[in-house]
Amino acid sequence: MGERPPFDRVLIANRGEIAVRIIRACHEAGMAAVAVYSDADAEARHVRLADEAVRIGPAAPADSYLRIDAIVEAALSTRSAAIHPGYGFLSERAAFARAVEDAGLVFVGPPSGVIDALGDKLHARRVALSAGVDAVPGTHDPAPVDRADAVDGIVAEAERIGFPVMVKAAAGGGGRGMRLVATAAELPAALAAGSAEARAAFGDGSVYLERVIRPARHIEVQLLGDASGRVVAIGERDCSLQRRHQKLVEEAPAPGLSADDRRDLHERAVRVATAAGLRNAATAEFLRGPDGATWFLEVNTRLQVEHGVTELVAGLDIVIEQFRLAAGRPLSEAALAAAERAATPSSHAIEVRLAAEDPSRDFAPSPGRIRHWVMPEGPGVRVDTGVGDGDRVPPDYDNLVAKIMVHAGDRPAAIDRLRRALDETEIAGIQTTLPFHRSVARHPGFAAAELSTDWVAETWDGPAARAAVVQIAAAAAAGAAVAAPAASDARDPSRDRPAAVAPVSGWAAAARADAVDRWPR
Amino acid sequence: MPSIDGHDEPPVSRRRVTDRATGDHVADVDPAGASSAATPGPGSRPLVLPASTRPSVRGRIGVEVVVDGWRFEFDVEDADLSDLRARATAAREAGRHHGPTDVRAIIPGRVVSVAVAVGDDVEAGQRLLSVEAMKMENELRAPRAGTVERVAVGPGQTVELGDSLIVLR
Chain F
1 MGERPPFDRV
11 LIANRGEIAV
21 RIIRACHEAG
31 MAAVAVYSDA
41 DAEARHVRLA
51 DEAVRIGPAA
61 PADSYLRIDA
71 IVEAALSTRS
81 AAIHPGYGFL
91 SERAAFARAV
101 EDAGLVFVGP
111 PSGVIDALGD
121 KLHARRVALS
131 AGVDAVPGTH
141 DPAPVDRADA
151 VDGIVAEAER
161 IGFPVMVKAA
171 AGGGGRGMRL
181 VATAAELPAA
191 LAAGSAEARA
201 AFGDGSVYLE
211 RVIRPARHIE
221 VQLLGDASGR
231 VVAIGERDCS
241 LQRRHQKLVE
251 EAPAPGLSAD
261 DRRDLHERAV
271 RVATAAGLRN
281 AATAEFLRGP
291 DGATWFLEVN
301 TRLQVEHGVT
311 ELVAGLDIVI
321 EQFRLAAGRP
331 LSEAALAAAE
341 RAATPSSHAI
351 EVRLAAEDPS
361 RDFAPSPGRI
371 RHWVMPEGPG
381 VRVDTGVGDG
391 DRVPPDYDNL
401 VAKIMVHAGD
411 RPAAIDRLRR
421 ALDETEIAGI
431 QTTLPFHRSV
441 ARHPGFAAAE
451 LSTDWVAETW
461 DGPAARAAVV
471 QIAAAAAAGA
481 AVAAPAASDA
491 RDPSRDRPAA
501 VAPVSGWAAA
511 ARADAVDRWP
521 R
Chain H
1 MPSIDGHDEP
11 PVSRRRVTDR
21 ATGDHVADVD
31 PAGASSAATP
41 GPGSRPLVLP
51 ASTRPSVRGR
61 IGVEVVVDGW
71 RFEFDVEDAD
81 LSDLRARATA
91 AREAGRHHGP
101 TDVRAIIPGR
111 VVSVAVAVGD
121 DVEAGQRLLS
131 VEAMKMENEL
141 RAPRAGTVER
151 VAVGPGQTVE
161 LGDSLIVLR
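Protein sequences, first through last, are from chains F and H. Read in order, the letters of the first sequence are residues 1 to 521 in this note's numbering. Read in order, the letters of the second sequence are residues 1 to 169 in this note's numbering.
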């Protein structure tokens, strides 16, 4: 980089792959990185990579990664100058940003007031309105939830918007508090349930109504802003492949947009962000309907999980840029140049989120211990992960285990590269979403960029995909187990490695592994 | 096929492969043909490891196989032995009533709540307890009707895959 580090020492208030990714940015920019960890993560990779680590509590997030006091205290006691929140956990809690600011530290993200304002989706909708940017049609005030006398009014509003409508939490995120409502009769119950879920998750039960855009593409714009009030867009991403409002595959740029479409979309995102007084990094999300109309959805005031695909296409390190902006520096030459090129991207990147979930059982969580872990390498491949062979994926946190990203000259080449990379990927010990991603990489509909937020529900049959390989698996198991003698000598540690194509390997080693490779008690 | 000890193996009979999680019979495989039975494409080459825990029945071998990203846990045993055991078990079962049923954790996590106490009569499908994993609550229900004989866990407790949680009689 050649310039002075933005800070000497910073604390990362997160865990997993994003903590690792931020620590890497710190080290590249010449800053010392301080990790925090819960008891479940004492041996985690982010702790091992950091220059210093502070224990902040037991495994439960409420007792550790959500403890504002403990994290601020950890930063002060390690003489860290700034705190990067990552994503999830406290990243979009204005109270956290405020506590960091009040402690005389720098929060690496937008100011607490902006988080507060944009974190309330109803407020964000009003900001968009004032900036002349069309938000998804719907209501602009909290819906009455527990007042029987107000039911008629809200039902009438829903009728005006048109069923089906979406009930959404003002403080929402990750799909929580959201309910799809098909008829007026279901509305009161859906409002109550959505509100209760939102209150439990966010401490704020405010909900509102939005028109359902379907089929829709989810397109978002990466924004950076400096202290002078200048905001730029450095490209957009398509994140349409989702299930239960959780993204599974993301790519940059969004396929099928003209340079004019891009300029228009970026310009609208910048207008909303400027009106909101955005600083540092954020993402403006839009829905694009089948007719090409694009509606503003919300702004996320944090680093996104999928920021890496934009980094690959824009040639910019967004996390380092965040630290520079947090230190009060103006947008870098590199960021301004990336913004210049944003409407005419010259390469393509795709990311898949490998999660500890079973795609044959409706993506149910599947935590456990990783027993074998081979990540792809080679040209145009980037893997961001916080785990490795032998690590445990704890049930306490988000189930993302790795982000596999590929970068190539254009979209078809990126898909070829994705298919190749996923074929190299090997994981045992836990079920992951790998089979789903392999299927996406080979799907003609994906190659044709026929993307929508309903794509997963419409095209993925997990039980059938699993059933299609069960006999191959059984044959491999039987073949491997043939020459398994009763435990004899097996000192060769290489025998603990998994066998390729079921050659008969040391089953004495199996017996020994049985004895030692237990779940920890 | 030579064993790892270098001796020639005696002729082997069919192998019975069962799913560990469900106990379902998956296949009877003739090991002589097993290795050539399927030639999967690149990226679909099976990955075979010893299972992470020992099978509960002697003579069985636990195997974890991953094919095309799908993970399977199988028990493998001699099919003839398995048939013998099945007949013996059937004969024993015929002579008596239900034994106790152990309800085990199907997912590692934290017990959120326990809905029953020792002595409670429960119906099949009745909620017994909730385990939280990865921000989601998973309910465990009674596999059959019976009486709660033992409650091995309490709220807040962390459980591992396969831990005994509740015993029904």
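These are computed hints drawn from the structure, not numbers from a lab. Some clues are possibly wrong.
[Unchecked claim] To spell it out: a stretch of chain F is covered by chain H in this simulated footprint if at least three of its residues, at any positions, have a beta carbon under 8 Å from a beta carbon of chain H; those stretches are:
hint: 1; segment: 83–92
hint: 2; segment: 286–300
hint: 3; segment: 418–428
hint: 4; segment: 462–471
[Unchecked claim] Here are the in silico distance ranges between beta carbons for each label pair:
hint: 5; chain 1: F; residue 1: E28; chain 2: H; residue 2: A21; range: 43 to 51 Å
hint: 6; chain 1: F; residue 1: D362; chain 2: H; residue 2: E160; range: 32 to 40 Å
hint: 7; chain 1: H; residue 1: A124; chain 2: F; residue 2: D134; range: 18 to 26 Å
hint: 8; chain 1: H; residue 1: R141; chain 2: F; residue 2: A185; range: 25 to 33 Å
hint: 9; chain 1: H; residue 1: P143; chain 2: F; residue 2: E28; range: 51 to 59 Å
[Said to hold, decoys possible] Some chain H residues close to chain F (C-beta under 7 Å, calculated; not the full set):
hint: 10; residue: V29
hint: 11; residue: V48
hint: 12; residue: R71
hint: 13; residue: F72
hint: 14; residue: V76
hint: 15; residue: A79
hint: 16; residue: V111
hint: 17; residue: A124
Beta carbons: idealized from backbone N, C-alpha and C, even for Gly.
Here is what the structure says about each hint:
1. 83–92: violated (count 0)
2. 286–300: violated (count 0)
3. 418–428: Three-residue rule met by the segment 418–428 of chain F, so holds; n is 7.
4. 462–471: holds (count 5)
5. E28/F x A21/H: 43 to 51 Å: Distance hint for E28/F, A21/H holds at roughly 44 Å.
6. D362/F x E160/H: 32 to 40 Å: violated (23 Å)
7. A124/H x D134/F: 18 to 26 Å: violated (54 Å)
8. R141/H x A185/F: 25 to 33 Å: holds (30 Å)
9. P143/H x E28/F: 51 to 59 Å: Holds: the Cβ-Cβ distance is about 54 Å, inside 51 to 59 Å.
10. V29: Hint holds; V29/H Cβ to chain F Cβ min 4 Å, cut 7 Å.
11. V48: holds (5 Å)
12. R71: Hint holds; R71/H Cβ to chain F Cβ min 5 Å, cut 7 Å.
13. F72: This interface hint holds because 4 Å falls under the 7 Å limit.
14. V76: holds (4 Å)
15. A79: Violated - the Cβ of A79/H stays beyond 7 Å from chain F, reaching only about 10 Å at its closest.
16. V111: violated (12 Å)
17. A124: violated (21 Å)
Hints 1, 2, 6, 7, 15, 16 and 17 from the earlier list are contradicted by this structure; the remaining hints agree with it.
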